[in-house]
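Asker: Given these sequences and hints, build the entire structure.
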Amino acid sequence: MEFTVDGRRVFAATGGRKFDPDLPTILFVHGAANDHSVWHMPARFFAHRGFSVAAVDLPGHGRSAGAALPSIAAMASWIGRAQAALGVARTHLVGHSMGALVALTAAASKPAGIRRLVLVGPAAAMPVHSELLAAARNGDRKAIDLIIYWGLDHMSRIGGRGSPGMWTPGAGRRLLESAGDGVLATDLAACAAFAEGEALAGAISAPSLLLLGERDMMTPAAGGRTLAGAIPESRTVILPGCGHMMLAERPNGTLDAIRDFLIS
Numbered sequence: 005m006e007f008t009v010d011g012r013r014v015f016a017a018t019g020g021r022k023f024d025p026d027l028p029t030i031l032f033v034h035g036a037a038n039d040h041s042v043w044h045m046p047a048r049f050f051a052h053r054g055f056s057v058a059a060v061d062l063p064g065h066g067r068s069a070g071a072a073l074p075s076i077a078a079m080a081s082w083i084g085r086a087q088a089a090l091g092v093a094r095t096h097l098v099g100h101s102m103g104a105l106v107a108l109t110a111a112a113s114k115p116a117g118i119r120r121l122v123l124v125g126p127a128a129a130m131p132v133h134s135e136l137l138a139a140a141r142n143g144d145r146k147a148i149d150l151i152i153y154w155g156l157d158h159m160s161r162i163g164g165r166g167s168p169g170m171w172t173p174g175a176g177r178r179l180l181e182s183a184g185d186g187v188l189a190t191d192l193a194a195c196a197a198f199a200e201g202e203a204l205a206g207a208i209s210a211p212s213l214l215l216l217g218e219r220d221m222m223t224p225a226a227g228g229r230t231l232a233g234a235i236p237e238s239r240t241v242i243l244p245g246c247g248h249m250m251l252a253e254r255p256n257g258t259l260d261a262i263r264d265f266l267i268s
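Residue numbers (this note's numbering): 5 to 268.
These are calculated hints, taken from the structure and not from any lab test.
In this text, a Cβ means the ideal position worked out from N, Cα and C, and glycines have one as well.
Wrong hints could be hidden among the right ones.
Stated by the list, open to error - Now the in silico label distances, taken between C-beta atoms and shown as ranges:
(1) Glu181 <-> Pro236: 36 to 44 Å
(2) Asn142 <-> Ser75: 20 to 28 Å
(3) Arg67 <-> Ala234: 17 to 25 Å
(4) Gly54 <-> Arg177: 29 to 37 Å
(5) Ala207 <-> Pro74: 17 to 25 Å
(6) Glu135 <-> Glu202: 41 to 49 Å
(7) Phe7 <-> Lys146: 33 to 41 Å
(8) Ala199 <-> Trp171: 29 to 37 Å
(9) Met221 <-> Ala78: 23 to 31 Å
Answerer: Structure follows, in structure tokens:
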């Protein structure tokens, strides 16, 4: 579906069902240089089980108009305005990677609007390696290669994980390649500048799930555990043998964890 935020077109996938703001709602937020498509499986699952789903494309991503926003705080504020534009007073908020930082910030700034919070591959801070950031700023394909290498565990890189018949590294590369000029660099710079996760965590009042990859090299599980310890009402699930790209590497395990948390 399409709707408008700040006078610009926004696209959101609804999981194959018409969006109804009167139903319990889940708002999904993607990671750096990604789009709504990473949530295809969870969106369809929940949309066919009594929820309204909006897997949004952030500005400048996927099918949404405008430029990529320059900071996590700006993205979180935009998520609040998108929620208002959808006519939803309270929502479950689910974010992956950069989207987890956005979800964390949004939930801390407007806790009354969040029912439950799910952070997939989160961290209190998300530093970006200087080599990766430089490659992204220069439009060098090396940036994508580095993300695929660091983002997937070894077995996923050689084809031993994920969905049958899917080439996980190739699918990840294609998604990153589809991002507009400068989007990856803008997103990575926003992640690199974010360091206030632990301070924000104390303001979270919603029950929260932190979903971590045992072999995540981009946001290591140890950091996720530290963040979970700062959130008053949280639980942690660790996906064995999984890297950072949980939605591609462990689609069933990721969905199971979110389902068990939101449908209880």
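Asker: Hint numbers the structure violates, sorted upward?
Answerer: When the structure is compared with the hints, numbers 3 and 6 turn out to be violated.
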